[in-house]
Amino acid sequence: MKHRHPTASPLAKLLRPAALGATLSIAIAAAALTAGPAAAQSAKEPVKFSGAPVRVGEINSYTGLPAFTIPYRQGWQLALEEINAEGGVIGCCELQVVSRDDAGKPDDAVRVAQELVTNEAVDVLAGTYFSHIGLAVADFAARNKMPFVAAEPLTDAITWSKGNRYTFRLRPSTYMQAAMLVEEAAKLPAKRWATVAPNYEYGQSAVAWFRQLLKEKRPDVEFVAEQWPVQGKLEAGPTVQALAAAKPDAIFNVTFGADLAKFVREGEGRGLFRNRKVVSLLTGEPEYLEPMKDEAPEGWIVTGYPWDQIDTPAHKAFVAAYTARFKESPKAGSIVGYITMKAVAAAITKAKSANAEPIVDALAGLTIDSPVGPVTFRASDHQATMGAYVGTTTVKDGRGTMKDWRYADGANYLPPDDAARKMRPAE
Amino acid sequence: MSFLLVQALSGLATAATLFLVSSGLTIVFGVTRIVNFAHGSFYMVGAYAGWSLIERFGGTPAGFWGSVAAAALAMGVLGAAMEIGLLRRLYRSPELFQLLGTFGVVLVVQDLTAWAWGPEDLLGRRAPGLKGSIDILDQPFPLYDLVLIGLGPLVLGLLWLLFNRTRWGTLVRAATQDREMTSALGVDPARLFTGVLFLGCALAGLGGALQVPRESVTLQMDMAIVVEAFVVVVVGGMGSLTGAFLASLLIGQLQAFGILVFPQITLVIVFLFMAVVLVLRPHGLLGRAEEVPPTAPATVTVPLSAGRHAGPWALALLALLAAAPLVAGDYALILLTEVVILALFAASLHLLIGLGGLVSFGHAAWFGLGAYGSALLVKHLGAPMPLALAGAPVLAGLGALVAGWFCVRRSGLYFAMLTLAFAQIVWSIAFQWYAVTGGDNGILGVWPPAWAAGKATYYWLTLGLCGGALWLLRRAAFAPFGYALRAGRDSGLRAESVGIDVRRFQWMAFVLAGTAAGLAGGLYAFAKGSVFPTLLAVPQSVDALVMVLMGGIQTVAGPLAGALVFHLLESEVMSLTDWWRLVLGLIIVALVLVFPKGIVGFLSGIRRRA
Chain A
5 MKHRHPTASP
15 LAKLLRPAAL
25 GATLSIAIAA
35 AALTAGPAAA
45 QSAKEPVKFS
55 GAPVRVGEIN
65 SYTGLPAFTI
75 PYRQGWQLAL
85 EEINAEGGVI
95 GCCELQVVSR
105 DDAGKPDDAV
115 RVAQELVTNE
125 AVDVLAGTYF
135 SHIGLAVADF
145 AARNKMPFVA
155 AEPLTDAITW
165 SKGNRYTFRL
175 RPSTYMQAAM
185 LVEEAAKLPA
195 KRWATVAPNY
205 EYGQSAVAWF
215 RQLLKEKRPD
225 VEFVAEQWPV
235 QGKLEAGPTV
245 QALAAAKPDA
255 IFNVTFGADL
265 AKFVREGEGR
275 GLFRNRKVVS
285 LLTGEPEYLE
295 PMKDEAPEGW
305 IVTGYPWDQI
315 DTPAHKAFVA
325 AYTARFKESP
335 KAGSIVGYIT
345 MKAVAAAITK
355 AKSANAEPIV
365 DALAGLTIDS
375 PVGPVTFRAS
385 DHQATMGAYV
395 GTTTVKDGRG
405 TMKDWRYADG
415 ANYLPPDDAA
425 RKMRPAE
Chain B
10 MSFLLVQALS
20 GLATAATLFL
30 VSSGLTIVFG
40 VTRIVNFAHG
50 SFYMVGAYAG
60 WSLIERFGGT
70 PAGFWGSVAA
80 AALAMGVLGA
90 AMEIGLLRRL
100 YRSPELFQLL
110 GTFGVVLVVQ
120 DLTAWAWGPE
130 DLLGRRAPGL
140 KGSIDILDQP
150 FPLYDLVLIG
160 LGPLVLGLLW
170 LLFNRTRWGT
180 LVRAATQDRE
190 MTSALGVDPA
200 RLFTGVLFLG
210 CALAGLGGAL
220 QVPRESVTLQ
230 MDMAIVVEAF
240 VVVVVGGMGS
250 LTGAFLASLL
260 IGQLQAFGIL
270 VFPQITLVIV
280 FLFMAVVLVL
290 RPHGLLGRAE
300 EVPPTAPATV
310 TVPLSAGRHA
320 GPWALALLAL
330 LAAAPLVAGD
340 YALILLTEVV
350 ILALFAASLH
360 LLIGLGGLVS
370 FGHAAWFGLG
380 AYGSALLVKH
390 LGAPMPLALA
400 GAPVLAGLGA
410 LVAGWFCVRR
420 SGLYFAMLTL
430 AFAQIVWSIA
440 FQWYAVTGGD
450 NGILGVWPPA
460 WAAGKATYYW
470 LTLGLCGGAL
480 WLLRRAAFAP
490 FGYALRAGRD
500 SGLRAESVGI
510 DVRRFQWMAF
520 VLAGTAAGLA
530 GGLYAFAKGS
540 VFPTLLAVPQ
550 SVDALVMVLM
560 GGIQTVAGPL
570 AGALVFHLLE
580 SEVMSLTDWW
590 RLVLGLIIVA
600 LVLVFPKGIV
610 GFLSGIRRRA
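Protein sequences appear in the order of chains A and B.
Each residue of the first sequence is one higher than the last, beginning at 5 in the working numbering.
Each residue of the second sequence is one higher than the last, beginning at 10 in the working numbering.
Calculated directly from the structure, the hints in this document are not laboratory data.
The structure presented is a predicted model; accordingly, all values stated were derived computationally and were not measured.
Any given hint might turn out to be false.
[To be verified] Below are the SDA-like pairs computed for lysine to any residue, each with C-alpha atoms no more than 25 Å apart in a straight line:
hint	chain 1	residue 1	chain 2	residue 2
1	B	Lys388	A	Gln208
2	B	Lys140	A	Thr398
3	A	Lys281	B	Pro272
4	A	Lys320	A	Thr398
5	B	Lys140	A	Gly236
6	A	Lys426	A	Ser384
7	A	Lys251	B	Leu14
8	A	Lys191	A	Asp413
9	A	Lys297	B	Gly127
10	A	Lys331	A	Val101
11	A	Lys320	A	Ala71
12	A	Lys297	B	Pro128
13	A	Lys251	B	Ser11
14	A	Lys281	A	Val399
15	A	Lys237	B	Gly127
16	B	Lys140	A	Asn279
17	A	Lys297	B	Pro137
18	A	Lys237	B	Ser61
19	A	Lys191	A	Ala415
20	B	Lys464	A	Gln208
21	A	Lys281	A	Tyr411
22	A	Lys426	B	Tyr443
23	A	Lys354	A	Gln100
24	A	Lys356	A	Arg147
25	A	Lys354	A	Val51
26	B	Lys464	A	Asn359
27	A	Lys237	B	Asp197
With the sequences and hints as input, model every part of the structure.
Structure (structure tokens):
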């Protein structure tokens, strides 16, 4: 049995008054936040726990990318409250989360992970957004034999070429999302394609998969132009002009965030999208679509998350609880955070233990019911079968949204178990 | 043909923004010699303020342009406030100490902006009356970009009139050329500087507010622009407005056409250009030799002293540190390991800054090269840890040998920016050469072997190697080598005339510093188990600078204390609160104000007085 009393570092002891102040202010803020109906309910009938709490160490880029990670945090907070209100994990124990910021740097993330494991005595690691940080923590997890549920990183490497026994990933990977879009792209008459993607691994592997998979389905297509802007520094005018000059029939876009907004604005201004189809990765996620308001692109084929239109009972319940709790609509990050925490809790309960090896064994092949449908962590490559919504963007009531969408189940866009297993390093 | 013309026009629109921001920076630098790291923050806040005003009043052309002007003025007022509240108190500190203060401001502004405007990207309204595009030779071109293209030369003209046709401008030019003489003639430099900061920051704010119709306003705008603005200033020649204008034009065109020829080169094209310009032209395109600023710590009054009983003290400290595993837990040991590594990293930079008077903005290149050297040996050759650790300083030293040959031929901020250019080139190689470096996904699995895997064992190993390297660095500082280096720093001319080949000594110092940083990097790689291009990136270089400046540059112990304080502060505050940048920034500002000579400088000041 692991000891449950975190030992503080010497400096933490020195800083005790400061720590106390910070904890106090966080507690006050939390109290202010929890003044919702859900909290009032659980306050009425407090759950009694008979066993020692199980602790989850959670790491994400809260200061580096707040626009994406704060909705994610709210998602897992909601899940955590629900889990504990329903009796915690293994039917006996409170689930506790210790959350940390990684400042957007992989070496900081590794240090924070170490702090969580040795000082906070956490039993499971979860979180991360950036691919390289996810990989760094995954490697740390393998080294220290800690289960790690990577929530948001998209890189294929985390489950394939650099996969390890202790790491599982929830969100559909770059390969899966590209495969979903290729299915739609192959139906288009377009023969001449241009691509624009941020100049790093995510952009490059998205374009590589898109090209390869589309060529397999449509040997007649050709790729006539490619642009690789620096992430966050897209030179919109020249990039748009260079793409237009190649006279493509269709464009595959991987840029997102501020780059995407710039690209859309400049592209509309310069007529790039006139009579051209655009196929675009992740653009349907509210994180990216909503900031563009009524300037959101019309008629792009995207993967995303039309949270306001999904009317399964489970998803409606999630949206209702989330909006009641946080007074804002959920983002794609919210649902990822929510399912991540539910999956962690389900794994612990299935393992009936807070120890690493049983939890890892439980995660392999674990199936949970989520607001988007059943999600299974494949035993072969530790990739979850969570899917994405594929549809077309449109502007309704002055804001961007999706129409004609369908849920693409991740299970249909993954290579078979044998092929996936072969891509992983031998254990 | 028409396509090329429109592409050139797009480049001009980019250039206009670059010029607005960098003109403010070059004016501030030219007069006050302050390396204003917070310049990008004023650009960002200008954009946010502009966004708020334009959302409210931007429906009409008058409202829109009024909002832009108001945002610019507001940034000017903030800039003046920063001068009065912070920078004014630092003019008698060692040069570059203001850099530390402005770095604190950057951190504070980042968190305050996120607090005030929220984390989401904000897409503002387009400029009324300028929403559409016009066809230029059948190619559509946005109207607003045409206005921007016109604004660049207009602002240049206005600034020229201000500096050449008004009394205030004349005084500013006088202060730019000779600060002491100007104040001796009865001009209050403090008031002049306040005005200059107002103007410079207002220009940054103007550049920011003008971006609202073009792109969404984000929290990453500050760092994105400030490095590029420095590049423009240095390429143009420091303090030269027309130089900044010319450099903006060239860089704008380079980006517009560069992506046509080599779409993959976007990462590094600007830095390659800067490196070429600086290698060919020592003072940028239009800078003049006599305006080269001495960034050497010219105000050093007490020569670096060996200190009495330094040896016993150091041994006692080493013994104390070596005993740490007896009481400290695993995590505390990991923190200590990192502190020791960073202390060597900071000390190696201090060798350049403190002894050589050479301020490097790209020291992370050697730290990162060391880390990559180790990781590559492990990954591609399966090298055991001792061999991989030995490879780290070798690779870093070789890199520094090549880069140093170019860098030491330049001085002051030109030297600093050339080191930055080399760091960025190395970074982009690590970032893009997937087959070898793994690109941005880095190299994983660089863990120490079983015999060194224990936290205490690895800590002792680190302590031994870093302690040895630090001892060697200290020996170098008080050997004839160190004295020659300091002679070159204090008076290059006199040093040359007594037969010291200053450049050669600086080159050797550069290689020595790079090698030491490489060893630190190698140890860091094994401490973390993985390496990523972030180890070579600008923030890593800035961290090193902050550690050196925080500790104080006049003492050998300074960087060690700086590394300890900075790293512990950062890691502990980070785990306590989401607002750690605000807290850290405020602490840095407070430290700068309370200890204007750095922590160790302050302590030894007390001892001397006692």
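Of the hints stated earlier, which fail here? 20 and 27
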